[in-house]
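Those protein sequence lines, which keep their order, are chains A and B.
Residue 341 in the working numbering sits at position 341 of the first sequence; the count goes up by one each step and never skips.
To convert, count from 1 in the second sequence and add 1000; that's the working numbering.
There may be inaccurate statements among the hints.
Unchecked claim - These stretches of chain B come out as covered by chain A in the derived footprint (C-beta under 8 Å, 3 or more residues):
id	segment
1	1108-1116
2	1208-1222
3	1287-1298
4	1302-1312
5	1350-1359
Calculated directly from the structure, the hints in this document are not laboratory data.
What you are looking at is a predicted structure, and each value in this text was computed from that prediction instead of being measured.
We put the CB at the ideal spot given by N, CA and C, even for glycine.
As a plain string of letters, each chain reads:
There are 2 protein chains.
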Amino acid sequence: MMDQKRYDHLLTTYRDGLLQDTVPFWVPRAIDKEFGGYTTLRLQNGDLLDTDKSIWFQGRFSWTLSTLYNQVEQNPEWLAAAKSGLDFLRKHGFDTDGRMFFHVEQDGTPIRKRRYFFSECFMTVALAAYAHATSDAAVGQEAEALLKKIIHLIETPGALEPKLFGNNRPSKALVVPMILLNVAQEVRKASGSSWVHELAEDCYKKIKNDFMNHEHKAVLESVAPDNGIIDHIDGRMLNPGHSIEAAWFIFDEAVHRDHDQDMIQTGCTIIDWMWEWGWDTTHGGILYYRDVMNKPPQEYWHDMKFWWNHNEVIIATLYAYYLTADKKYLDMHTQVHDWAYAHFPDKEHGEWFGYLLRDGTISNTAKGTIYKGPFHLPRMQIKCWKLLEMIKQKGLIV
Amino acid sequence: MMDQKRYDHLLTTYRDGLLQDTVPFWVPRAIDKEFGGYTTLRLQNGDLLDTDKSIWFQGRFSWTLSTLYNQVEQNPEWLAAAKSGLDFLRKHGFDTDGRMFFHVEQDGTPIRKRRYFFSECFMTVALAAYAHATSDAAVGQEAEALLKKIIHLIETPGALEPKLFGNNRPSKALVVPMILLNVAQEVRKASGSSWVHELAEDCYKKIKNDFMNHEHKAVLESVAPDNGIIDHIDGRMLNPGHSIEAAWFIFDEAVHRDHDQDMIQTGCTIIDWMWEWGWDTTHGGILYYRDVMNKPPQEYWHDMKFWWNHNEVIIATLYAYYLTADKKYLDMHTQVHDWAYAHFPDKEHGEWFGYLLRDGTISNTAKGTIYKGPFHLPRMQIKCWKLLEMIKQKGLIV
Chain A
1 MMDQKRYDHL
11 LTTYRDGLLQ
21 DTVPFWVPRA
31 IDKEFGGYTT
41 LRLQNGDLLD
51 TDKSIWFQGR
61 FSWTLSTLYN
71 QVEQNPEWLA
81 AAKSGLDFLR
91 KHGFDTDGRM
101 FFHVEQDGTP
111 IRKRRYFFSE
121 CFMTVALAAY
131 AHATSDAAVG
141 QEAEALLKKI
151 IHLIETPGAL
161 EPKLFGNNRP
171 SKALVVPMIL
181 LNVAQEVRKA
191 SGSSWVHELA
201 EDCYKKIKND
211 FMNHEHKAVL
221 ESVAPDNGII
231 DHIDGRMLNP
241 GHSIEAAWFI
251 FDEAVHRDHD
261 QDMIQTGCTI
271 IDWMWEWGWD
281 TTHGGILYYR
291 DVMNKPPQEY
301 WHDMKFWWNH
311 NEVIIATLYA
321 YYLTADKKYL
331 DMHTQVHDWA
341 YAHFPDKEHG
351 EWFGYLLRDG
361 TISNTAKGTI
371 YKGPFHLPRM
381 QIKCWKLLEM
391 IKQKGLIV
Chain B
1001 MMDQKRYDHL
1011 LTTYRDGLLQ
1021 DTVPFWVPRA
1031 IDKEFGGYTT
1041 LRLQNGDLLD
1051 TDKSIWFQGR
1061 FSWTLSTLYN
1071 QVEQNPEWLA
1081 AAKSGLDFLR
1091 KHGFDTDGRM
1101 FFHVEQDGTP
1111 IRKRRYFFSE
1121 CFMTVALAAY
1131 AHATSDAAVG
1141 QEAEALLKKI
1151 IHLIETPGAL
1161 EPKLFGNNRP
1171 SKALVVPMIL
1181 LNVAQEVRKA
1191 SGSSWVHELA
1201 EDCYKKIKND
1211 FMNHEHKAVL
1221 ESVAPDNGII
1231 DHIDGRMLNP
1241 GHSIEAAWFI
1251 FDEAVHRDHD
1261 QDMIQTGCTI
1271 IDWMWEWGWD
1281 TTHGGILYYR
1291 DVMNKPPQEY
1301 WHDMKFWWNH
1311 NEVIIATLYA
1321 YYLTADKKYL
1331 DMHTQVHDWA
1341 YAHFPDKEHG
1351 EWFGYLLRDG
1361 TISNTAKGTI
1371 YKGPFHLPRM
1381 QIKCWKLLEM
1391 IKQKGLIV
């Protein structure tokens, strides 16, 4: 059981960290009064690193702002800022072929488009959270329509330009059912459509049946069509923080489905397996990549410690404790929480550093990059705050 | 002046390192007797990391083998192995649109194609070195024809799919004149065509006039059409090891042009400037990326120490000493040589590790990856061995 003192400490850490540190770092600083949307590429002290805009972060920050409004306080400043990102995306986010950009200038001039569908996913969750906040059915329909477009892109051969050549090494990627599960969950909060609820279940089954390799006790990032290991560098790749993120998406689904025990068990198994792969027994913290055959991973940053992986593992382990009351998960949570809070927070300027070397040394002081911004950290703070309240309600505090 | 003892030490290090360590690590192990070409993705002990083939390394290793034949010893095993890579590339390297792949399976089945022209560049230098080795004029013409195709790709708008969107942020990349200079130099060794000689001069002028920023004393990796700094993360990026590589390509050009003093001065200025940016005064070694405004660089591995940057700086500083007899460059050479040899060589299995953390800790034990293989290290060993002989001939040894 969690003792009252630890509970109080954690609640303060997440709640006050969110409201007195993370949110004030980004609001109003990153709200672009001139062109709308957000300038999230930021130096350590919050000054601009670059005026360019990440399309992912137009959606992600908008989601964060609406979610603050929905779950923390109905602050009209947050809602107006959430709308600003959506309006910017509606105006500047789309290419003429209907697909979204990845990177634009401050005024929306397109700079880069990529061959994925993540910009679309992050706009969809932003629309859904805003529709939820405003009870605006039209925005909810906009979210559903964009989700349908994403599914169309995924299911239509050739709709996304191929990264791999032809079909010479067909594979399935974990990220597809994983992000669709999360997007479906967010859309479901704003709309009652049964197809969205069914999509979530379908995504769960794919994660469980296709990517969980029981022989190796590992969740693979990609598999062959028959769910076998593709025995090449990419195919052997494990991303523990990423698959543990999937575990807590699954926990959300389990809770929505009256504490579905199969889902809870699956999420716990993912945590059990991937903690073994991910926890760095030498320096502590979660390693970025591992190879399922224990060969050297390809990416240069495989042994670095990134903020987001730690956010996800902190959520998932606390969530597993809430669902199972198993002390094992509380211990894991303590271990990853304490390591993360000893290394990532910037005591001088607030918020978290994003990129540490394996031993915890700061490698990059930027607070916002094309991939880092006001999303993973505040999401963790909101989620863990709410989980703590649920843990208390369940009587798990002594 | 370099003393005799240091000279002997360096000569042994480069020559014996090449012939007794680097070459035996790769030959015959990486020569694919079954499908032709090379399997260069290797673990620390030389075992396969992956059966897949890097198209870059089919060209690069073939170049290394022909260059060993041309400059070290007319070993028929090396020449036959050089031909094997060329034959593999002729058979499996090209897509139906005439452009080359990036990554194929062991049998040549294409896996990945990229939007650059580097596969073509590395095949061109391989053809040229082989033509030089065999005095086969037809292969020399094949090299010239491929170089013409590269220039066509570069000069034809839309021939390479755009990475940046449209023409919203036009830029010029240092890598274009830099690699073309090196390719032209290699082709010139096999053919006397005057256009190739002129191309080399044109590339030199572009490097000097477009990318050397005198205000910041920095060689930029990309610039605006008017040669100004593009004040965004990508545009501010410096790659000291890369620009110092350009310096020794320029030195090669200077030597070919009767010790052209303008070229020698330019190469020395590049070394002077970029050493200041690149040398890590905290841990030693050459940092991968810097930002010309001293902001955090974008790439996660910006502060890592890679083998190839050190190979290039070792060559360039020794070359500068040969050309100028300035002790400053000998000191730089000693500094980077000693740091590199204290950290990169694998005393257990031979060859060099490729990827170190900032403090010199080994981050990845792979000997061969899609980007690392038998190229930069043996090229440095051959080049520095020959430079030492030239330094001795010039009477710079006491």
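Hints, one by one, checked against the model:
| no. | hint | result |
| --- | --- | --- |
| 1 | 1108-1116 | holds (count 5) |
| 2 | 1208-1222 | violated (count 0) |
| 3 | 1287-1298 | holds (count 4) |
| 4 | 1302-1312 | holds (count 3) |
| 5 | 1350-1359 | holds (count 3) |
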